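> The lines below spell out each chain.
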Amino acid sequence: MTDKTNWDWETKEKQISDLNEWKSSYNWVEEPYASPDGEKIAAIVNTDDMEFNVCENSKAWEIEEPFEKAYSLRYSPDGRLIVLAAADDEWKTVVDGKPWETIFDFLWDLRFSKDGKAIAVATQTDGEYCMAVNDVPWKDSYSFITCMTLSDDGKNSGSVVQTINLGQAEVFKFQKGAFSAAVNGVPWDTNFVNVWNMAFNADGSKLAAEVRLNLYDYTIAVDGKAWNSIYGCVWEPIFHPNTNSVIAPVKVKDGWTLAQDDNILWDSRFAQVWHQMVSRQSDKIAAIAATSYGKWTVAVDGKPWDITFGDMVTDAVFSPDGTQIACIGTDSGKYTICNDGKAWDIKCDMVWKPVFSPDGSKIAAKIDKNGKRTIAVNGKLWNKMCDEVWEPVFSPDGSKILCRSVEDGKYYRRVIPVSEF
Amino acid sequence: MALPYIEYEKNIIDEGLETGMKNLTQERIDKALAKVLDGETGAKLKAYVDTCVHCGLCSDACHMYLSTKRDPTLTPAGKVKRSLSVLLENRGNITPEIIKKVSIVASTECNLCKRCVHYCPFGIDIAYMMSVVRRICHLCGVTPLYIQDTAHSHAVTQNQMWVKEDEWIDTLQWQEEDAREEIPDCRIPLDKEGADFMYSVIGPEPKFLAQLLYQTAIIFNTAGLNWTMPSCPGWDNSDMAMFTGDSEIMGRNKRFHYEAAQRLKVKRIVMGECGHAFRSVWDMGNRWLGWGMPPVPMVHAIEFYYDLLKSGKIKVKEKYKKSVTLHDPCNTIRGMGLHEKARYVVNELCENFIEMHPNREHNYCCNAGGGVINCGPPFKKKRVATNRIKAQQIADTGAEILITPCHNCHSGMEDIIGDYGVGMHVKFINDIMYEVMEKPEIE
Ligand code: SF4
Ligand code: SF4
Chain A
1 MTDKTNWDWE TKEKQISDLN EWKSSYNWVE EPYASPDGEK IAAIVNTDDM
51 EFNVCENSKA WEIEEPFEKA YSLRYSPDGR LIVLAAADDE WKTVVDGKPW
101 ETIFDFLWDL RFSKDGKAIA VATQTDGEYC MAVNDVPWKD SYSFITCMTL
151 SDDGKNSGSV VQTINLGQAE VFKFQKGAFS AAVNGVPWDT NFVNVWNMAF
201 NADGSKLAAE VRLNLYDYTI AVDGKAWNSI YGCVWEPIFH PNTNSVIAPV
251 KVKDGWTLAQ DDNILWDSRF AQVWHQMVSR QSDKIAAIAA TSYGKWTVAV
301 DGKPWDITFG DMVTDAVFSP DGTQIACIGT DSGKYTICND GKAWDIKCDM
351 VWKPVFSPDG SKIAAKIDKN GKRTIAVNGK LWNKMCDEVW EPVFSPDGSK
401 ILCRSVEDGK YYRRVIPVSE F
Chain B
1 MALPYIEYEK NIIDEGLETG MKNLTQERID KALAKVLDGE TGAKLKAYVD
51 TCVHCGLCSD ACHMYLSTKR DPTLTPAGKV KRSLSVLLEN RGNITPEIIK
101 KVSIVASTEC NLCKRCVHYC PFGIDIAYMM SVVRRICHLC GVTPLYIQDT
151 AHSHAVTQNQ MWVKEDEWID TLQWQEEDAR EEIPDCRIPL DKEGADFMYS
201 VIGPEPKFLA QLLYQTAIIF NTAGLNWTMP SCPGWDNSDM AMFTGDSEIM
251 GRNKRFHYEA AQRLKVKRIV MGECGHAFRS VWDMGNRWLG WGMPPVPMVH
301 AIEFYYDLLK SGKIKVKEKY KKSVTLHDPC NTIRGMGLHE KARYVVNELC
351 ENFIEMHPNR EHNYCCNAGG GVINCGPPFK KKRVATNRIK AQQIADTGAE
401 ILITPCHNCH SGMEDIIGDY GVGMHVKFIN DIMYEVMEKP EIE
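Chains as they are written, first to last, in my numbering: chain A, 1 to 421; chain B, 1 to 443.
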């Protein structure tokens, strides 16, 4: 987790940069990104024909050569600024203006460890694929990778890999199994027809994934070993942070439910179950679920909330102590936040993932209403409607909220007492 | 002028069907039948089977029947008789050979176009019945080779064409770079969170038809739209797994698609000119997952172009001069009723629009849809031969250009135009809009 104690929680308002001025300095300025602590804002800028750079707080990076291409600009959780950039068809990961040494033919899928100390990318060189973490590519590469993942501590990376080459339309060879998962580049011993979304356990020592055994039998594999039970379908597994057991949504005869270590966990059945999550603090297991067709909710330990949403439920999250859950619920194209089965009164055009205060008494979220962006706390809107805002951050004591916003083209960092909402 | 009838080989050998049949066991057949007939189908299938009175009124709906000197085996009811009825009536005695035979009927002799539903006094949905047969064949592993390979591509890459993740991004960046020759600050914004909409396409666009991405970039940048495309899997809205009966892969792909949009926090998805993909995102895949409607509002290109022209965001510099006719793709016209909007768009863009007859929801199918064209070269001649009526219909318009706002229709039409010698070119609306629109002046 990012340490927020050293951030400036006192200065009420800072105008960090005037993006209007950037626009007059460059041919164009792409969409900006604010740093987690709000002190910096950055964007990819075009400086000339096929020439790009990154501008941060009004200052362009000092780079030897302009980039011919640049994309995927993001701040890591620890506040470093990363872009994937190319010159002469050579791609490099550039961190705070300094390129990594290793050059690739292509880079994509930028991801970070929880604390941001590890930066991972998917790479391709001469048609060979692997991941690279902190400038160290895997020793082995493959003809295809997908579903990249990084353990929370950043020490282990994994992806689906193709282990057997397939010629055009070799469907029966495909059905014998040509895919596996690789951890730090080393593949499992077993091949499957398909391998998909995977997850590491808390210490990164185990990897679980969805697998298809033939055209129609699905199950979960852990470190290459498939569960004994066969399911009609499965979704992404996760590890229980306290018990190391594997929990995954599975489709059985009478609907979807959760299974744990190859045993059915919930008695209840649903029209859909996915995005399951476990609270390390409370041991509660919850998932987004459809009680029937077009009725979406959250089920906690197998029991659905009474409230349902017609369009969808997304972005469910536990409170820090694991006693509450908040999510986004959507009905007839209108978005709101729902907390333990009770929806906010405000309806928005878009809502971002809800954020709990450290003590769980408040929920804040970025919202879009009538084409403007703002922040809402416990269902009440901030008094500013902005061109852009970033997701709100609570101070470590929960008394203040960091609001990062663009108003009339100017980027502001504000610290606002929660009581003012 | 009357076009000739084309003879075709009835006994087509397809490796997917032959090897699938050889690998098939009795136990697997019984399991597949039990899963589908006892588990997945219910009152709907029973009602259709019990209600059909074999009156034959649906026969004249089917382009295959009409194209083949009225071959009775190709009537909608005749196809049911040769596939689903065989399975229902002989359950317990179904052999691998029978599965192969019914797979040929369901996969290559019906486009799931639903024209016949309009002709049946009871509204019996033959397309649904054919889909049930395809599902059984999928669970038996007996599906034509090329479409099975495409379903495998969907399973591995979440796109139709085995396009790798870097190839997708690279193609977009290349098109963006080329488009800057016309609009210096033109962008194809990748992963722009909070954009108004996500634009999604089908696998063949980056693979073979990258100019459509280029043209779209010019159209959207000219209109000043706030849009994005995902750099990750989920960008492809197409779905051959839906047509092989692999519902699980269909659902998985639609989940990737909609979750890409959810992660990007877009208010809606706009999709390119594809018909079957619309069926998958609007009706089939979303519902298999439990969403009643698309969880993120979904707009087909026809409707989006209509809005762009109606709102004046795109203005026409000079209308297209050549005479054009318009094909009505089954999935967006019979499936969604976008025919009047399509005509508005064509009339706004083109000076000389000639209707083909019949038209709108009564239009004939292209015979490529429903995955039939994706069954590949072994079935091409049969596909062309069983759509003489469509070739005749478009030839009778005398138009120079055929507009088909659907990828599968596009390819199918090119085949019949070529083989029947109809002198016509096929275009997407996108091609014509790009050609006739006002573009920003370069300073
Ligand atoms: S091709 Fe169309 S008209 Fe012919 S049987 Fe199939 S759904 Fe009916
Ligand atoms: S029109 Fe309807 S009832 Fe008559 S044969 Fe066709 S499907 Fe059966």
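Worth flagging that the hints you see were computed from the coordinates, not collected in a lab.
Take these hints with a grain of salt, some might be off.
[To be verified] Each computed SDA-like pair below joins lysine to any residue, with the alpha-carbon atoms no more than 20 Å apart: (1) A:Lys253 to B:Glu27; (2) B:Lys192 to A:Ala132; (3) B:Lys192 to A:Phe112; (4) A:Lys372 to B:Trp227; (5) B:Lys35 to A:Asp254; (6) A:Lys14 to A:Val415; (7) A:Lys347 to B:Gly194; (8) B:Lys317 to B:Asn347; (9) B:Lys192 to A:Glu388; (10) B:Lys44 to A:Ser292; (11) B:Lys164 to A:Pro304.
Every value quoted in this text rests on a predicted model; they were computed, and no experiment measured them.
> All hints are to be evaluated individually against the structure, with a verdict given for each.
Each hint, compared with the structure:
no.	hint	result
1	A:Lys253 to B:Glu27	holds, 19 Å
2	B:Lys192 to A:Ala132	violated, 24 Å
3	B:Lys192 to A:Phe112	holds, 19 Å
4	A:Lys372 to B:Trp227	holds, 16 Å
5	B:Lys35 to A:Asp254	holds, 12 Å
6	A:Lys14 to A:Val415	holds, 9 Å
7	A:Lys347 to B:Gly194	holds, 17 Å
8	B:Lys317 to B:Asn347	holds, 14 Å
9	B:Lys192 to A:Glu388	holds, 13 Å
10	B:Lys44 to A:Ser292	holds, 19 Å
11	B:Lys164 to A:Pro304	violated, 39 Å
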